[in-house]
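Okay, here's what each chain looks like letter by letter:
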Amino acid sequence: MKLLFEKSIKGTSGHYVAPSDVPEYRLDTSLLRGKEPVLPELSENDLSRHYTQLEKRSFGVNDGFYPLGSCTMKYNPKINEVTSHLEGFTDVHPLQPDDTVKGCEEVIDLTKQALCEITGMDDMTLTPAAGAHGEFTGMMLIRKYHEKRGDSARTKVIVPDSSHGTNPATGTMNGFTVVSIPSTPDGYVDLDALRAAVGPDTAGLMLTNPNTLGLFDRNIKEITEIIHGAGGLCYYDGANLNPVMGISRPGDMGFDCVHLNLHKSFSTPHGGGGPGAGAVGCKEFLKEYLPEDFSEAEEGAKAKMEAHPDSVGKVRSFHGNFLVVVRALTYILSLGNEGIPAAAVQSVMNANYFKVLLSKKYHCAEPGLCMHEFVISMEEEHKEKGVSALDIAKGLLDEGVHPPTIYFPLIVHEALMPEPTDTESAATIEDAAEKFLRVYDKAMADPEAAHSWPLTTVIGRPDEVAAARRPHLRWEPDGEEEFGE
Amino acid sequence: MGGYLSVNEADKKKMLSAIGVESEMDLYKDIPEDLLLGRKLNIPSGMSEQEVLGKLKKIAAKNKVYPTIFRGAGAYRHYIPSIVGEVTAKETFLTAYTPYQAEISQGVLQSIFEYQTMISELTGFPVSNASVYDGATAAAEAAAMCRDKKHVRTLVSAAAHPDVIRVMKTYAWAHGASIELVPTKDGVTDLDALSSMMDSTVGSVYIASPNYYGQIEDVSKAAEIVHASASKLIQGVNPIAAVLLKTPAESGADIAVGEGQPLGMPLSWGGPYLGFMAASDSMMRKLPGRIVGETTDGKGHRCFVLTLQAREQHIRREKASSNICSNEALCAMTAAVYLAAMGPDGMKEVAGQCTSKAHYFADRLASVGFKRTYPGEFFHEFVTDTPVPSSTVEIALDRADILSGLPLDDSHILWCATEVNTKDEMDRAAEILKEVTQR
Numbered sequence: 023m024k025l026l027f028e029k030s031i032k033g034t035s036g037h038y039v040a041p042s043d044v045p046e047y048r049l050d051t052s053l054l055r056g057k058e059p060v061l062p063e064l065s066e067n068d069l070s071r072h073y074t075q076l077e078k079r080s081f082g083v084n085d086g087f088y089p090l091g092s093c094t095m096k097y098n099p100k101i102n103e104v105t106s107h108l109e110g111f112t113d114v115h116p117l118q119p120d121d122t123v124k125g126c127e128e129v130i131d132l133t134k135q136a137l138c139e140i141t142g143m144d145d146m147t148l149t150p151a152a153g154a155h156g157e158f159t160g161m162m163l164i165r166k167y168h169e170k171r172g173d174s175a176r177t178k179v180i181v182p183d184s185s186h187g188t189n190p191a192t193g194t195m196n197g198f199t200v201v202s203i204p205s206t207p208d209g210y211v212d213l214d215a216l217r218a219a220v221g222p223d224t225a226g227l228m229l230t231n232p233n234t235l236g237l238f239d240r241n242i243k244e245i246t247e248i249i250h251g252a253g254g255l256c257y258y259d260g261a262n263l264n265p266v267m268g269i270s271r272p273g274d275m276g277f278d279c280v281h282l283n284l285h286k287s288f289s290t291p292h293g294g295g296g297p298g299a300g301a302v303g304c305k306e307f308l309k310e311y312l313p314e315d316f317s318e319a320e321e322g323a324k325a326k327m328e329a330h331p332d333s334v335g336k337v338r339s340f341h342g343n344f345l346v347v348v349r350a351l352t353y354i355l356s357l358g359n360e361g362i363p364a365a366a367v368q369s370v371m372n373a374n375y376f377k378v379l380l381s382k383k384y385h386c387a388e389p390g391l392c393m394h395e396f397v398i399s400m401e402e403e404h405k406e407k408g409v410s411a412l413d414i415a416k417g418l419l420d421e422g423v424h425p426p427t428i429y430f431p432l433i434v435h436e437a438l439m440p441e442p443t444d445t446e447s448a449a450t451i452e453d454a455a456e457k458f459l460r461v462y463d464k465a466m467a468d469p470e471a472a473h474s475w476p477l478t479t480v481i482g483r484p485d486e487v488a489a490a491r492r493p494h495l496r497w498e499p500d501g502e503e504e505f506g507e
Numbered sequence: 003m004g005g006y007l008s009v010n011e012a013d014k015k016k017m018l019s020a021i022g023v024e025s026e027m028d029l030y031k032d033i034p035e036d037l038l039l040g041r042k043l044n045i046p047s048g049m050s051e052q053e054v055l056g057k058l059k060k061i062a063a064k065n066k067v068y069p070t071i072f073r074g075a076g077a078y079r080h081y082i083p084s085i086v087g088e089v090t091a092k093e094t095f096l097t098a099y100t101p102y103q104a105e106i107s108q109g110v111l112q113s114i115f116e117y118q119t120m121i122s123e124l125t126g127f128p129v130s131n132a133s134v135y136d137g138a139t140a141a142a143e144a145a146a147m148c149r150d151k152k153h154v155r156t157l158v159s160a161a162a163h164p165d166v167i168r169v170m171k172t173y174a175w176a177h178g179a180s181i182e183l184v185p186t187k188d189g190v191t192d193l194d195a196l197s198s199m200m201d202s203t204v205g206s207v208y209i210a211s212p213n214y215y216g217q218i219e220d221v222s223k224a225a226e227i228v229h230a231s232a233s234k235l236i237q238g239v240n241p242i243a244a245v246l247l248k249t250p251a252e253s254g255a256d257i258a259v260g261e262g263q264p265l266g267m268p269l270s271w272g273g274p275y276l277g278f279m280a281a282s283d284s285m286m287r288k289l290p291g292r293i294v295g296e297t298t299d300g301k302g303h304r305c306f307v308l309t310l311q312a313r314e315q316h317i318r319r320e321k322a323s324s325n326i327c328s329n330e331a332l333c334a335m336t337a338a339v340y341l342a343a344m345g346p347d348g349m350k351e352v353a354g355q356c357t358s359k360a361h362y363f364a365d366r367l368a369s370v371g372f373k374r375t376y377p378g379e380f381f382h383e384f385v386t387d388t389p390v391p392s393s394t395v396e397i398a399l400d401r402a403d404i405l406s407g408l409p410l411d412d413s414h415i416l417w418c419a420t421e422v423n424t425k426d427e428m429d430r431a432a433e434i435l436k437e438v439t440q441r
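Read top to bottom, the protein sequences are chains W and S. Under our numbering, the first residue of the first sequence is numbered 23, with each subsequent residue one higher. Under our numbering, the first residue of the second sequence is numbered 3, with each subsequent residue one higher.
Chain S with its partners taken away, still in its complex shape (with noise of 0.2 Å):
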């Protein structure tokens, strides 16, 4: 059997009687006897480590690793510097919990105000908190910042992720709210649409940029509506491409946020990832889960701590705008030591690939036949029409090992090409698909 247990008999015999009891189970006296289990689990019996791993392997040999993928859709595959898993993958980060106590966690608070500032850099926003879950979950979260008896309706755009459009709307429902979607028109919000909707009334209205097809929408004009509500706008931003793209800040968002698994965490299916979320400084003691601020001991030494904590659960309690408690805090150090091995040069290129690499993509794959559905500019990924059914486009090239875009209906196709795609990765998988029309 494995186990981590650090007492042999004699030390059990040596604390038992200390304790004053004579068996094990006397320890749990105060549980009535037929609540006790009084069996064995039903689970397999324990494994040494190299049983387990040999499992595990098996497992995992059973998923498909593609070599090429062509799909985003919320979660990006990109290449991460090695440095970023051996930074996180110290003992003392991967191991300590919340950094309670300040003297003893000036190396992650300060890690996490680094985090804070590279994402203020991003957003143009001054403050940034230490991580939410994940994007969607930022986006709930700030469209709950913005809710209250006079501003009750959350309008989104139905261009947004659907996962965070479908998290938005549970959170909503737990709060005792709705959310209303925004039509699109051309792949992007319909503004006219949005006008008609809003009213003071609104509290807060999502639109990512780029969208979930991968088109930039126009936030300055989106930002312009929603103000003359006096309500907020939350924009969803790719982390990527903020390097590159006008700022929520520069666009007149009020709040940012985004998933920032782009930032040096593996595809990993689904998790963890990052959400991050930054704001005007009037929005500050809204945000929710924790903040990392800068003061001074009394020796005068700049220090760091988590503050502002009368905004958090374990204060406020009922009160409390938001629960959570554990973030995303690893996954905030992943990015951000990605960041600072990317430097500002190397985000640069990244970002500029990820739009060059796309937009050739895109002529590739025009040339063959599937012509981009909507007009307007996009940062790395584009919806297409198919001439044929989607699934034939899928099943052709995962027969070359590659992952298609992703089929959002049977004639339409969300693409996606990233700095790891290279340019004979795009010609193969045009001509793959020149074959299957010409079937």
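This is chain W alone, in the form it adopts within the complex (with noise of 0.2 Å):
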């Protein structure tokens, strides 16, 4: 399919600006630019059609089945985007006077109680954009604490080796040394490698529960105590809460911060890769530490600031990501207290069902009951006959299903990660594992044919070596490729 560019049609573009009514007013030519950018032109109905068939080349949760591990890819409710809509919300410049802003205020703390209670927390902040952002905040909270106290030997984070990317990752962005511990063969953090672990240079240790196995730690109390024992904190990766949420929370487990991400559990669209929301909630003792949640342009920042001296300071401009935090107050006040633990249970009853289903054929990591998620592995079909977790992936794919998460967690090899969510049904997680099982037998059959799929797609498997090789990053103008290095 073309590219926007093109398609371009010199003089086509559309008039949406009304024409000025003050005198052109013209910069010198020293400070402008040699050559105008090269944009496209193109009618409004050449480009509507454009991304429609962008569209159509996509695959969202609307599109179907979306078992992607650790991702949450629940439906995403529309009047979510009607609410998020309003214009109450939408134009509201975010340097108004606080005294023209008291709709968005309440919707920030009407959000900030729900979810305090929701996690067993006593304070939020809902300003970081993303879950990663609300990983770094919530570390970041917990350098402050010991930095405040004069603790300067605690210097290293634990991390389970089961645990997401982004978790080591922040842990370094903070400027901590990231240690990583082994999981026990059943899936569990190893209590004694973890004591082993623990010190008077431990920072903090930073868990998913339920883990990325799908498994709730039923150590996690006595986990919790000997990071508080050694004199440690405990961080919660919220990428985990849907099966729990209104059932168990973070805050009696014993974790002293978590974040959250709203594009999860909370329903908000991921809009293919953002913009999401990672609220980040903490334990009083934590609170004088959150981020400044206003901006330092706004009247009284100063005071603001002053009120508040100890904060980490601030990790996004303005109040974050608000029409997101929107959609997720639209939710829990959809769902209230009835709503938000039913849902965590459907999640956990739908995945359970479907690793039922699918142990007819596939090899899942651990036995016996899971949370929202479980992981199978392709370790053995990978040795005898060579079918990868990539080749059931990719066989998914022509199957009109969204493949798992693959190659996650690390410590499963072969990994496929599904996660069916609350919203789907017994018919559709029935027909899901059906294609599932389909899927494994063709590919056990001719293993050959499957490093081939998909077939039934816009383009075969991508050269994903050749493009990291020779990096083509944008289109060239003049229609020769010109290379990164």
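Simulated from the structure, these hints should not be mistaken for lab results. Keep in mind that the hints are not guaranteed to be accurate.
The list that follows gives simulated cross-link-like pairs (lysine-lysine, DSS-like), each with its CA atoms no further than 27 Å apart [to be verified]:
| id | chain 1 | residue 1 | chain 2 | residue 2 |
| --- | --- | --- | --- | --- |
| 1 | W | 326 | S | 92 |
| 2 | W | 326 | W | 309 |
| 3 | W | 178 | S | 288 |
| 4 | W | 78 | W | 57 |
| 5 | S | 223 | W | 57 |
| 6 | S | 92 | W | 29 |
Mind assembling these two chains? They're in different frames, but the hints should get you there.
Set out below in structure tokens:
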């Protein structure tokens, strides 16, 4: 399919802006760029069709089953889009005087209250723009806590080897040394390894619970006690909150701060990779370190700063991804205190049902019940027949199903990680299971053929090695392909 | 109770029986009893869609939507063509995740590739990433790209946006580094002071142009000074101004970053916005976040993939320089649709009107006693002295449903005009201010 630039027809762009009603002012040519930017020129009809074509070459939750593990691709309610598009929210300047944005403040307050209650935390910031941004913020609170106590020896962050890649990267961004500890064969934190790893240099622990194998760590209290006993703090990665919201709270498990992905558990859409929002909650003793949720440019900022002298600072301009927060609040108000735990329960029931159905052929990394997701290993099949997790994923594309997360967690070889979420029906899960099993049989019967899947998509498997070796990262106006290196 | 579950009682029974448990709560047997909440959440009961919409409409109505805004300071009201919102509301774009599965994500991947090309055109640099959270985090990430054991210092112009400075400081603190401010002189970065602060331990210098006060900086001269110490220059850019002004690449900067909100995103009390980043080839492998590249499939067809992933957290883990995962993909698409809808002529028109209207407004304000504070050229924002306290100005204009310029302190106001401000609005504001000063 052609690029916007290749469809360009000179002089056909729309005219959207009213003509100027003031005298023209020209900047001195010494200030101006030498060459105009090359932008596409399309009639609105052509432009509209272009994006409709692109939409057809994409796959969203609305297109079908999307069991992408650890991403919680649940249905994104339409009402969220209506409330977040109310003019009273979209057309408000971030530096308006406080008394003209009482509605925004109410949205923030209501959301904070609900999220504190759901997580068992005492205070919350809604300014981080994504999950990883929330992790960064949360770990800064821990860093600041030790710093304020003059405890400069605490330089290490403990992360289990089953963690999301953002955890160790976050530790590094905060200047910590990351210590990875092994999991037990049955997928839990190895308590002996944890005890051996902690000490006066322990700043804290980063953990998801349920973990990335979809298991709730029943030793969680002991884990957080070991960290606290060593003088460290416990950080809860909320990527996997969905199965326990309204059921069990990180605050009660002994965690000191958490981040939540509002674009996962709280149904705001992923937008092809963002925007999300990464609310960060903390216990009372950390709240003085929370980032500023006001702008440095607003009136009264100085007084607000003086009122929070120990804040870690500011992690994003203005007030964060406000319209994402509006969507999350809409979801929380819709579900309420019955609907939130009901969604959690359903996410667990759906995952277990899917697991039972897939276990007819697939080998799950861990036996027994799971939470909202589980992990399949294709290690045996790969050894015996050369059928990889990637082959299965690509086969699923031909079945119209979005594949699970693959090659994660790293501790399971040839991993496939499905998370069906709470909003799928029994029939959808049964249908998807049939497709998974069919792909399995086909792959095992003809492994060679499986390596060339998918067959029905608009492109075949892309040459990723060539893409990275000779980066071609933009369209070139003269048609000559220029490579980055 | 509202909710989006698709399972009825009969299904539940069937599922539980297949799983081999008797009740829903049996699914949670791994959770120790004392960790079960065991009570209802202390939040309101669920509501119907009708009730939720009613409640949120009421809350939204507590905000004041100004028909006329003369405030920018990092967030700008521009005209947004209808097609922008329609395209980005398409269900598939809205509900897709990161395009990890390239075969079924060519649409999203191509849209990012097109976006990268447009950012590349605006900044003059060959490489753009797929977006970061906002302009402030883009600046902070750019500074991190240039920081290493030998280059620990980061200098930031005091004429940068206060939130950009604050976010850069926060990121630097987390990295165990610090930020030093380069003082201003006459509303622009004091380049003599910059010279005296430079040495070989400076990793990067950040200067915005137009800066926070709207002034156009001498970026070329700054680049010479910065490069003399073999340091990198990061330029903060307004993407609308970029259509007219010398590009960061032409001025000799090494990295361009900026807030993409003016490209089709509503004000939205500050977000979601869009952080864009572009750089020279030599900085390519240090850029954070996702990048889309062109390649071919087995049949030789052109296609697009997420590329250079060896930089990223899911591969490098603790060795990654940034932890960014989710970005602002839909906002990047918003920017691309906006730029494509406007086209080169439309963008020139918008940028030209911004310049003309801001200069007209500056003259009108000067004529009623609000003289520009600083000499030098500006784009669509400018600072004036105010003969009456700035709060008096704000209140007087608010009575006419006009959001005044941003009071910087008691006696200075930062004004902004864009293509949406009419001559009548500006004349009316000037008339009101004339009355205020004559009271």
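- If any of the earlier hints don't hold here, list their numbers in rising order. Result: hints 1, 4 break, sorted rising.
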